[in-house]
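The listed protein sequences derive, respectively, from chains G and L.
Number 178 in my numbering belongs to position 178 of the first sequence; there are no gaps in the numbering.
Each position in the second sequence, counted from 1, maps to that position plus 1000 in my numbering.
Incorrect hints may appear among the rest.
Unchecked claim - Among chain L residues calculated to face chain G with C-beta under 10 Å, some are:
id, residue
1, Lys-1061
2, Arg-1448
3, Pro-1468
4, Met-1474
Stated by the list, open to error - Cut-off 25 Å, straight-line C-alpha distance, at most; resulting in silico cross-link-like pairs (DSS-like, lysine-lysine):
id, chain 1, residue 1, chain 2, residue 2
5, G, Lys-411, G, Lys-434
6, G, Lys-138, L, Lys-1069
7, L, Lys-1149, L, Lys-1094
8, G, Lys-418, L, Lys-1069
No wet-lab data here; the hints were simulated from the structure.
All C-beta atoms in this analysis are idealised placements derived from N, C-alpha and C, irrespective of residue type, glycine included.
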Amino acid sequence: MESNSNQSSVSFVKIPTIKFTKLFINGEFVDAVSGKTFETIDPRTGEMIARVAEGDKEDVDLAVKAARQAFDHGPWPRLPGSARARIMMKFADLIEENVEELAVLDTIDAGKLFSMGKAIDIPMAAKNLRYYAGAADKIHGEVLKMSREFHAYTLREPIGVAGLIIPWNFPSAMLMCKVSPALAAGCTMVVKPAEQTPLSALYFAHLAKLAGIPDGVLNVINGYGPKAGAAITSHMDIDAVSFTGSTEVGRKVMQAAATSNLKVVSLELGGKSPLIIFDDADVDMAAQLAIFGILFNKGEVCVSSSRVYVQEGLYEELVKKLVEKAKAWVVGDPFDPKVQQGPQIDKKQFDKILSYIEHGKREGATLLTGGKPLDGKGYYIEPTIFSEIKEEMLIAKEEIFGPVLGLAKFKTVEEAIKRANSTRYGLAAGIVTKDINVANTVSRSIRAGSIWINCYAALDFDCPFSGYKMSGFGSSLGLEALDIYLKVKSVVTPLFNTPWL
Amino acid sequence: MGIHNSDDSSAATTFVIKNPTIKFTKLFINGEFVDSISGKTFETIDPRTGDVITRIAEGDKEDVDLAVKAARVAFDHGPWPRLPGAARARIMMKFADLIEENVEELAALETIDAGKLLSMTKARDIPHAASILRYYAGAADKIHGEVLKMSRELHGYTLQEPIGVVGQIIPWNYPTVMFFLKVSPALAAGCTIIIKPAEQTPLTALYYAHLAKLAGIPDGVLNVVNGLGSGAGAAISSHMDIDAVSFTGSTEVGRKILQAAAASNLKVVSLELGGKSPLIIFNDADVDIAADLALLGFLYNKGEVCVASSRVYVQEGIYEELVKKLVEKAKAWVVGDPFDPKVQQGPQIDKTQYEKVLSYIEHGKREGATLLTGGKSLGRKGYFIEPTIFTDVKEEMLIAKDEIFGPVMALAKFKTIEEAIKRANNTRYGLAAGIVTKDLNVANTVSRSIRAGTIWINCYFAFDNDVPFGGYKMSGFGKDYGLESLHKYLQVKSVVTPLYNTPWL
Chain G
1 MESNSNQSSV SFVKIPTIKF TKLFINGEFV DAVSGKTFET IDPRTGEMIA
51 RVAEGDKEDV DLAVKAARQA FDHGPWPRLP GSARARIMMK FADLIEENVE
101 ELAVLDTIDA GKLFSMGKAI DIPMAAKNLR YYAGAADKIH GEVLKMSREF
151 HAYTLREPIG VAGLIIPWNF PSAMLMCKVS PALAAGCTMV VKPAEQTPLS
201 ALYFAHLAKL AGIPDGVLNV INGYGPKAGA AITSHMDIDA VSFTGSTEVG
251 RKVMQAAATS NLKVVSLELG GKSPLIIFDD ADVDMAAQLA IFGILFNKGE
301 VCVSSSRVYV QEGLYEELVK KLVEKAKAWV VGDPFDPKVQ QGPQIDKKQF
351 DKILSYIEHG KREGATLLTG GKPLDGKGYY IEPTIFSEIK EEMLIAKEEI
401 FGPVLGLAKF KTVEEAIKRA NSTRYGLAAG IVTKDINVAN TVSRSIRAGS
451 IWINCYAALD FDCPFSGYKM SGFGSSLGLE ALDIYLKVKS VVTPLFNTPW
501 L
Chain L
1001 MGIHNSDDSS AATTFVIKNP TIKFTKLFIN GEFVDSISGK TFETIDPRTG
1051 DVITRIAEGD KEDVDLAVKA ARVAFDHGPW PRLPGAARAR IMMKFADLIE
1101 ENVEELAALE TIDAGKLLSM TKARDIPHAA SILRYYAGAA DKIHGEVLKM
1151 SRELHGYTLQ EPIGVVGQII PWNYPTVMFF LKVSPALAAG CTIIIKPAEQ
1201 TPLTALYYAH LAKLAGIPDG VLNVVNGLGS GAGAAISSHM DIDAVSFTGS
1251 TEVGRKILQA AAASNLKVVS LELGGKSPLI IFNDADVDIA ADLALLGFLY
1301 NKGEVCVASS RVYVQEGIYE ELVKKLVEKA KAWVVGDPFD PKVQQGPQID
1351 KTQYEKVLSY IEHGKREGAT LLTGGKSLGR KGYFIEPTIF TDVKEEMLIA
1401 KDEIFGPVMA LAKFKTIEEA IKRANNTRYG LAAGIVTKDL NVANTVSRSI
1451 RAGTIWINCY FAFDNDVPFG GYKMSGFGKD YGLESLHKYL QVKSVVTPLY
1501 NTPWL
């Protein structure tokens, strides 16, 4: 029984005053040049939380000027890595001192669970900073083995001014996931948070300044994709752009980079990640993973295991457990500690998900549970499970980004691999089995950037995360994530009178 | 007077190599030489004369589709990606051996197709191709993933997997070297390949395809589709089943490649584009070394080099003496038939480039730069241009901004190290730079300060297989040479699984 707890939101956490609503350029909170503002909505009710400054091209230009100045002449790229690290560590401390307030902002802005924000999202943002802070003084070049009498080495230099475009599903975690390696590398940046979730980034900017990040190094321009976002991707003085979001917008980012200054591009895009459950799986663990894989963060996760393939021997038992768990899943106000799933981010996504659900019904998939929105205000949708999906169905091909699971039965390992790979995406995949050979074969066979065996979404800071195929290119997390913010320079000079090469 | 016009009939007969027989003129798809589906062919021209050497099969979209089908089967189901790295290495080494056994014939093909010096193609270009193959062959069984340091009880590791079917589009200035710079790391990584040579220089690639098959490269792994950029090239960059494209060529075409990748399947792109690389000569430089570097920097390979030091900045203390030597050397430079061992500079690649270079020379004269030597075509058949030096060049001039890709140098005088750095960086390009000085501190400061991918100190064109090469800024992204260049052809996969009862993380 879903708990529709909209009415009781008032009894939960007092909504704080929104302290920061302007653009953050060159160390100051400023209005947009145009003076325009836009609304940010509370998805629990569809009502406005606050108006924030709306940045456009002129504001991006100002931010880039500040970032360019800070990069070409300011201290940040010239500090020893360990000095950048100290400031980044301080920034991390300040984040941890403000966990509640930051978690509240993401909860009202994005409908994310308050308990998760406090326990995971915000602390992860701090840890992310610390991981890259620790790497900042270890960005080595190499000395090369020449075949003639030359001394040659590589330098890894900061690329310059980076544009970072953040999605709305993990506003804090995604922000720091991009900002941290860029800071460690010595770059300066212009960040554009998603227009659905502009609030927490401004608070982080405030904390950055308190921590000692110099003016101009971190600039935050809220606004819309086609305006502020496009201004960043087509800017002639931005050296690299890192984008996380939809494949459709990812194309535009790459195209804009091509028509402007050929800036380096890194894209983390959509997914339709398969979770493959074999006969020998522990059925309770498998059901847990499958539920978590699709319902975590209301299904608004790029790596959601939105396709689940279950081997026939386990099928009946697993599906029974899955449906039970889905029906018991508590949907409601994300401030309520009993709730497991908050509202979808906004009306557009809400309508889109419901439309996919209707497609699923029409395409002939079998609806096992859910399939409807919740009554009342806000963008709440029932956990929905379809079975007997075929890869040609829209609900099996396209990323729905909501609490909608597509199930199918399979017989053999080969069939599972083939169906899992039958997609243009390649972000992640999960495998549930105890058999070491099945695990090795299947993990090698699936064309995806992250393979989780007997776990799911097990991200970690040292573990690179990147897509295969149309899920994008370029890494987040891991030391690999530094690469996009660095350029390799080779320096060569002749050797005379050398004892050896 | 120095420009040696070497088609005096008496000299001509003493060294002329009979034009080589062209053995391979078709497309190479799935291990076979085949006509293009349309049956069309195109001419390849001898730039010494403008005459046609032969006609070559012209590939277009349908041919690229066939090649991709073959490469896809070879990747998804064939042996190549599944072999141990050492086994790929053996075949690549054999390929290198076969190249060395055919140096003369290959060098002659390269010379006649691109107007490159026979002495260079025999001694450098072709042997270098073999060394590139061997370098990457040696790396093939060392493509390591890593085991990661997790912060919770999880076992995590990365695999470096071949990315799949790759498209490679190469330029005409170094047909052989470019072919192997691209093909070698892709082969080592276990990828399969569709390569489109430049339409100006289609010949040697087909011979290499033939040798590849002899060496044991399985059918479908290496496919060669000659054709036009707008035809076969565009088909590659916009193909929905090519996983990565690597391009070397002009910045203008580089844009199109990136756009096509974005509009199609978001394939991974790497671009090695143009340059306007500065050579900075300080007062304490040895004036003879500096003059030789500067001369070679703009005349090597008739100036058709992406890293040509087309802008030379000379500190005022050494300026007069250096410029005098430069002009002397330029005037003594022998331009003529590239088969003639006495010649130092052959013809420009084709009529389009020839006219473009001459047009830039006219710009230079109009823009107010001072012409010190050269400035004209040789005025005979073929595409020969005199070594040309302008001085008093300012960065706003077209001849200082645009890549000319010919034997044209832009000189300027400077006072201070700061001025040199500023002027050197005053460009949207960032491919390479040279510094001539004995002072350690000047060398360190300036090498750190110039925003370019390769910095040569007291040398120029000092490439080596282990040294990554690639541009900053609008000279592109991604590396050729070095182990770095394998990255374009690999994808990183992270595999994570929980640990139970583990003694430590």
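Going down the list of hints, with the structure as the test:
no.	hint	in the structure
1	Lys-1061	violated, 21 Å
2	Arg-1448	holds, 7 Å
3	Pro-1468	holds, 6 Å
4	Met-1474	holds, 5 Å
5	G:Lys-411 <-> G:Lys-434	holds, 17 Å
6	G:Lys-138 <-> L:Lys-1069	violated, 44 Å
7	L:Lys-1149 <-> L:Lys-1094	violated, 40 Å
8	G:Lys-418 <-> L:Lys-1069	holds, 18 Å
Hints 1, 6, 7, counting from the list given before, are not met by this structure.
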